[in-house]
Amino acid sequence: MPKVTRLFIKSGFIYLFLGIVMTLVAELPQVNTSALLLPVYWHMIVIGWVTQVIMGVSIWMFPRRKRSRENIESVSALLSFWTLNTGLILRFSAEPFIPLFHGNSAIVLVVVISSLLHIAAVFFYVIEIWPRVFTREKVKRKKQ
Amino acid sequence: MPAQSVWIIRLSLAWLSLATLIGSILLVHKAVDLQPAMWALLPLHFETAIWGWAVQLAMGTAYWIFPRHLVGTKRGPEKLVWWVLILFNTGLIILLAGYLHQSVLPLKLTGRGMMTFSVIIFGISMWSRVKSYSSHTN
Numbered sequence: 000m001p002k003v004t005r006l007f008i009k010s011g012f013i014y015l016f017l018g019i020v021m022t023l024v025a026e027l028p029q030v031n032t033s034a035l036l037l038p039v040y041w042h043m044i045v046i047g048w049v050t051q052v053i054m055g056v057s058i059w060m061f062p063r064r065k066r067s068r069e070n071i072e073s074v075s076a077l078l079s080f081w082t083l084n085t086g087l088i089l090r091f092s093a094e095p096f097i098p099l100f101h102g103n104s105a106i107v108l109v110v111v112i113s114s115l116l117h118i119a120a121v122f123f124y125v126i127e128i129w130p131r132v133f134t135r136e137k138v139k140r141k142k143q
Numbered sequence: 000m001p002a003q004s005v006w007i008i009r010l011s012l013a014w015l016s017l018a019t020l021i022g023s024i025l026l027v028h029k030a031v032d033l034q035p036a037m038w039a040l041l042p043l044h045f046e047t048a049i050w051g052w053a054v055q056l057a058m059g060t061a062y063w064i065f066p067r068h069l070v071g072t073k074r075g076p077e078k079l080v081w082w083v084l085i086l087f088n089t090g091l092i093i094l095l096a097g098y099l100h101q102s103v104l105p106l107k108l109t110g111r112g113m114m115t116f117s118v119i120i121f122g123i124s125m126w127s128r129v130k131s132y133s134s135h136t137n
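If you read the sequences in order, they're chains A and B.
Position 41 of the first sequence, counted from 1, bears residue number 40 in numbering that gives the first Met the number 0, the numbering being contiguous throughout.
Position 26 of the second sequence, counted from 1, bears residue number 25 in numbering that gives the first Met the number 0, the numbering being contiguous throughout.
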């Protein structure tokens, strides 16, 4: 299993744990976080866990044309991991406070950077995976 | 990887890109009001992320990786899976149009209907491939 896959999956487990704890906290009668934490724990589970596991496993399992070390530990896959996780940390640290400090320039800056990092993460992931989605016939044709 | 899986997975990557773009715009909109009508994009974000990306990627990967038949066509009726791809994605586009455009036509119902039909076809074509080579019965 490549290093980047391990990073994606382990980070995914952390978000799954945090997400499930948040859903538990949100259920406590003394805590009224409803609208503030709802998008946070949904994204922790859907992006933090589900999407990261899909990304990690696909980077590991999808076929490679060449099995060199640079291909297995590719820069685009690592960039996808780091941009996604930096974006998620920034998002989760700012998103619950948006309704409380609406329009605050520091919050806006963090949110904009986080959004751009999310887009960058998907861009790097697509760059990594797209060339690895091919038919066997195409490879045979290229070899001939 | 079969050609059907290649295109289903590529489309799922395209839907992921769109879902992320919409989600990012909505996140920024939450902090700085960009346009009041922007929240109309929220259901598009859910639908593209869940159906377009996650579900479709799982379908494409399952069609590629599940045990193949030992006799006849390796992955079952191949043309049917092209129809799955066409119906699912056209249905999703019609569904999204239904969210954005108030029409006399039942766009959302039509879109969901096409997606449901495509998933039924996919289930039928994949059912017999959910098996173990070591078992003689199933």
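Hint data in this document are derived by calculation from the structure and do not stem from the laboratory.
A hint or two may mislead.
Pairs of lysine-lysine, BS3-like flavour, derived with a Cα cap of 30 Å [claimed, not checked]:
(1) B/Lys78 with B/Lys107
(2) B/Lys73 with A/Lys139
(3) A/Lys65 with A/Lys139
(4) A/Lys65 with A/Lys2
(5) B/Lys107 with A/Lys65
(6) B/Lys78 with A/Lys139
(7) A/Lys9 with A/Lys65
(8) B/Lys73 with B/Lys107
(9) B/Lys130 with B/Lys73
Interface residues of chain A toward chain B, partial, derived using beta-carbon atoms under 10 Å [what the hints assert, rightly or not]:
(10) Ile19
(11) Val20
(12) Leu36
(13) Pro38
(14) Val49
(15) Thr50
(16) Glu94
(17) His101
(18) Ile118
(19) Val125
(20) Phe133
Per label pair, the in silico range of CB-to-CB distance [unchecked claim]:
(21) B/Trp126 with A/Trp41: 41 to 51 Å
(22) A/Arg63 with B/Pro42: 33 to 43 Å
(23) B/Ser133 with A/Leu99: 30 to 40 Å
(24) B/Gln34 with A/Ala105: 14 to 24 Å
(25) A/Trp41 with B/Ile92: 23 to 33 Å
(26) B/Pro35 with A/Leu115: 22 to 32 Å
(27) A/Thr134 with B/Asp32: 45 to 55 Å
(28) B/Leu41 with A/Gln29: 21 to 31 Å
(29) B/Phe65 with A/Phe12: 43 to 53 Å
(30) A/Trp59 with B/Gln101: 18 to 28 Å
(31) B/Ile92 with A/Pro28: 21 to 31 Å
Quantities reported herein were computed from a predicted structural model and do not represent experimental measurements.
Each residue gets a CB set at the ideal place from its N, CA and C atoms; glycine is no exception.
Tested hints:
no. : hint                              : verdict
1   : B/Lys78 with B/Lys107             : 26 Å, holds
2   : B/Lys73 with A/Lys139             : 19 Å, holds
3   : A/Lys65 with A/Lys139             : 14 Å, holds
4   : A/Lys65 with A/Lys2               : 18 Å, holds
5   : B/Lys107 with A/Lys65             : 44 Å, violated
6   : B/Lys78 with A/Lys139             : 23 Å, holds
7   : A/Lys9 with A/Lys65               : 26 Å, holds
8   : B/Lys73 with B/Lys107             : 35 Å, violated
9   : B/Lys130 with B/Lys73             : 14 Å, holds
10  : Ile19                             : 19 Å, violated
11  : Val20                             : 22 Å, violated
12  : Leu36                             : 14 Å, violated
13  : Pro38                             : 8 Å, holds
14  : Val49                             : 7 Å, holds
15  : Thr50                             : 8 Å, holds
16  : Glu94                             : 7 Å, holds
17  : His101                            : 7 Å, holds
18  : Ile118                            : 5 Å, holds
19  : Val125                            : 5 Å, holds
20  : Phe133                            : 6 Å, holds
21  : B/Trp126 with A/Trp41: 41 to 51 Å : 32 Å, violated
22  : A/Arg63 with B/Pro42: 33 to 43 Å  : 37 Å, holds
23  : B/Ser133 with A/Leu99: 30 to 40 Å : 59 Å, violated
24  : B/Gln34 with A/Ala105: 14 to 24 Å : 23 Å, holds
25  : A/Trp41 with B/Ile92: 23 to 33 Å  : 25 Å, holds
26  : B/Pro35 with A/Leu115: 22 to 32 Å : 23 Å, holds
27  : A/Thr134 with B/Asp32: 45 to 55 Å : 47 Å, holds
28  : B/Leu41 with A/Gln29: 21 to 31 Å  : 30 Å, holds
29  : B/Phe65 with A/Phe12: 43 to 53 Å  : 26 Å, violated
30  : A/Trp59 with B/Gln101: 18 to 28 Å : 45 Å, violated
31  : B/Ile92 with A/Pro28: 21 to 31 Å  : 44 Å, violated
Checked against the numbered hints given earlier, the structure breaks hints 5, 8, 10, 11, 12, 21, 23, 29, 30 and 31 and satisfies all the rest.
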